[in-house]
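Respectively, the protein sequence lines represent chains E and X. Numbering of the first sequence is given in this note's numbering, commencing with residue 1 and proceeding in unit increments. Numbering of the second sequence is given in this note's numbering, commencing with residue 1001 and proceeding in unit increments.
A few of these clues could be false.
Said to hold, decoys possible - A few chain E residues facing chain X, derived, Cβ under 8 Å:
1. G42
2. P43
3. F45
4. Q48
5. Q56
6. L90
7. E102
8. Q103
9. F105
10. G106
11. P107
12. G108
Stated by the list, open to error - Label pairs and their calculated CB-CB ranges:
13. E/L11 - X/N1022: 32 to 42 Å
14. X/E1059 - E/S27: 21 to 31 Å
15. E/L83 - X/P1040: 20 to 30 Å
16. E/F60 - X/I1110: 34 to 44 Å
17. E/N79 - X/G1094: 26 to 36 Å
18. E/E52 - X/K1042: 20 to 30 Å
19. E/K13 - X/K1106: 24 to 34 Å
20. X/V1054 - E/N59: 23 to 33 Å
If you are wondering where the hints come from, they were derived from the structure by calculation, not from laboratory data. Source: prediction; values computed, not measured. Glycine included, every Cβ here is placed at the ideal spot set by N, Cα and C.
What follows is the residue order along each chain.
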Amino acid sequence: DAGVTQSPTHLIKTRGQQVTLRCSPKSGHDTVSWYQQALGQGPQFIFQYYEEEERQRGNFPDRFSGHQFPNYSSELNVNALLLGDSALYLCASSFQTGGRNEQFFGPGTRLTVL
Amino acid sequence: QQQVKQSPQSLIVQKGGISIINCAYENTAFDYFPWYQQFPGKGPALLIAIRPDVSEKKEGRFTISFNKSAKQFSLHIMDSQPGDSATYFCAASGGYQKVTFGTGTKLQVIP
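Given only the sequences and the hints, what does the whole structure look like? Please build it.
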């Protein structure tokens, strides 16, 4: 049983560009959350998707958007990249319908903005 | 506004010793308190978690102590091993499972 998978592993972009990160949740999970982790910091919640809709959003600008597909996989899109967007982007999946709060994280995508 | 405060920022423990990491929260709506372990270049891995209806939970060498009235909880790692060297995050969540993380504690266990 595969855990949470993310692609790509690493990504280098320049300021102003757009990026799309992908996440496949753990088998049986229906909820995907995205987090940004700057170097030396704890993960910061970006948003959460359930039933293909954004259910909750953290304090991130509209440049950050996402999508969830019918198979529960998800994408994170960031437009007009800034140097400060350089971070490890983490996807976490959970089983909302089961009423449990356990979130399982993927290995992350390391984004570098030059 | 930071809702989960974690200390210390770094910790050095002798092999076989006890590692203790403390956290405090503000939001009384939190009802789930997990601890995550993160190795360099990896995503956080769920280590152990507790709900506020119990005061202590033990899994192997890892124990969470929870004080609801003080809004504090802590992680104890007994018989610390070099393989435990990692960054540990306390966290809290409620409602729709948004997880709020502490700032992390970098643990180094020396032989």
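Now the hints, each set against the structure:
no., hint, result
1, G42, "4 Å, holds"
2, P43, "5 Å, holds"
3, F45, "5 Å, holds"
4, Q48, "6 Å, holds"
5, Q56, "5 Å, holds"
6, L90, "5 Å, holds"
7, E102, "6 Å, holds"
8, Q103, "6 Å, holds"
9, F105, "4 Å, holds"
10, G106, "5 Å, holds"
11, P107, "5 Å, holds"
12, G108, "5 Å, holds"
13, E/L11 - X/N1022: 32 to 42 Å, "36 Å, holds"
14, X/E1059 - E/S27: 21 to 31 Å, "24 Å, holds"
15, E/L83 - X/P1040: 20 to 30 Å, "22 Å, holds"
16, E/F60 - X/I1110: 34 to 44 Å, "39 Å, holds"
17, E/N79 - X/G1094: 26 to 36 Å, "31 Å, holds"
18, E/E52 - X/K1042: 20 to 30 Å, "29 Å, holds"
19, E/K13 - X/K1106: 24 to 34 Å, "29 Å, holds"
20, X/V1054 - E/N59: 23 to 33 Å, "32 Å, holds"
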